[in-house]
Each structure stands twice: as C-alpha cells, then as structure tokens.
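Protein chains: 2
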Amino acid sequence: MSDHLLVAIGQNLKAIRLRRNLSQESLASLADLDRTYISGVERGKRNVSIINLFKIAQALNVKASELIDIGVAHD
Amino acid sequence: MSDHLLVAIGQNLKAIRLRRNLSQESLASLADLDRTYISGVERGKRNVSIINLFKIAQALNVKASELIDIGVAHD
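Protein chains in written order, with the numbering used here: chain B, 359 to 433; chain C, 359 to 433.
Among these hints, one or two may not hold up.
[Claimed, not checked] What follows is a list of derived Cβ distance ranges for each label pair: (1) B:N405 to C:K403: 17 to 27 Å; (2) C:H362 to B:N419: 36 to 46 Å; (3) C:A373 to B:L376: 33 to 43 Å; (4) C:T394 to B:S360: 16 to 26 Å; (5) B:L376 to C:R401: 29 to 39 Å.
[Said to hold, decoys possible] Capping the alpha-carbon separation at 27 Å, the derived lysine-lysine pairs in DSS-like fashion look like this: (6) B:K403 to C:K421; (7) B:K413 to C:K403; (8) B:K421 to B:K403; (9) B:K403 to B:K413; (10) B:K403 to C:K403; (11) B:K372 to C:K372; (12) C:K372 to B:K413; (13) B:K421 to C:K421; (14) B:K413 to B:K372; (15) C:K421 to B:K372; (16) C:K372 to B:K421.
[To be verified] A few chain C residues that don't get close to chain B, going by computed Cβ distances all over 10 Å: (17) L363; (18) I374; (19) D392; (20) R393; (21) Y395; (22) E400; (23) N405; (24) K421.
These are calculated hints, taken from the structure and not from any lab test.
The structure displayed is predicted, hence computed values, not measured ones.
All C-beta atoms in this analysis are idealised placements derived from N, C-alpha and C, irrespective of residue type, glycine included.
Extracted from the complex, chain B is given alone in its bound form (with noise of 0.2 Å):
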C-alpha cells in the first residue's frame, strides 16, 4: 500500500505544483525545503512528515488536506 500511497501523493504535489507554474526549486524556496526534497516527495521517494505536508502546502497555498486527498479506500 505504502509505495502507491506515496507515489500518488507525489503525483498529486507535483500536478498542483505545475497548476501554480511554480518550479520545484521556487517551490522549495517558498516552502523553507531542499529542491532535491521536493524531487523526491513528487517521485514518491518520500514518507513525508506532517510538518514539511504543511509547509509544502502553504508554499502552494493549498490546505495540507488537498495535497493526500488521493481517494485511496480508507475501508
């Protein structure tokens, strides 16, 4: 589960990321991170913490709940 978990998540970051036309290294600036942080947590690579969720999505001014949305089964 965990790997499609994360993947989907990247996918998702990376899709409101591109809707911003943000680059990810903007990205990582706005959001306090490292750009190569970033290319990770889009590759799926990352478990990423709630803290860097929060301040990514603030970078992205998005609610942290928008970036798991995912519709992953939760039953």
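Given chain B, work out where chain C should sit, using these hints.
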C-alpha cells in the same frame, strides 16, 4: 507553527478515536502501530509520517485528509 499543528492534529485524532469508542490500545492494534506511538501523536509529540497517517485513518475508517483538516490558515 509546528507545535500548534501537531497538537491540533493530535486533538483531532483523539476526538475521532473517542467517537469510534476505541481505546488507544485497540486503535494501535488496528493500525499496526504501538500504543505509545498513538499516545504521542495524540499529545502532539509526534511529527507523523504520511504512511502512518494513512494507517491510522484506515483503522479509524476515515480519510487521512480528515485527520489533518484542522482549519490551519494556509495563506
């Protein structure tokens, strides 16, 4: 920002758990996590990762996004 965030999410988790009439022990068992970990999350002491967030949400039968939807201003 971070401490308030983790405390608010912890309180939100506890409220949902109690609505489900689950003890920390049974939630931990359902989520395949340790009770002390659940306790730490509820006290705002744990910077929960996405994978654990989804495990807890699945155990509570809620969407992970609901667990972190604590109305933090994102602008």
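Hints violated by the structure (listed by number, smallest first): When the structure is compared with the hints, numbers 2, 11, 17, 23, 24 turn out to be violated.
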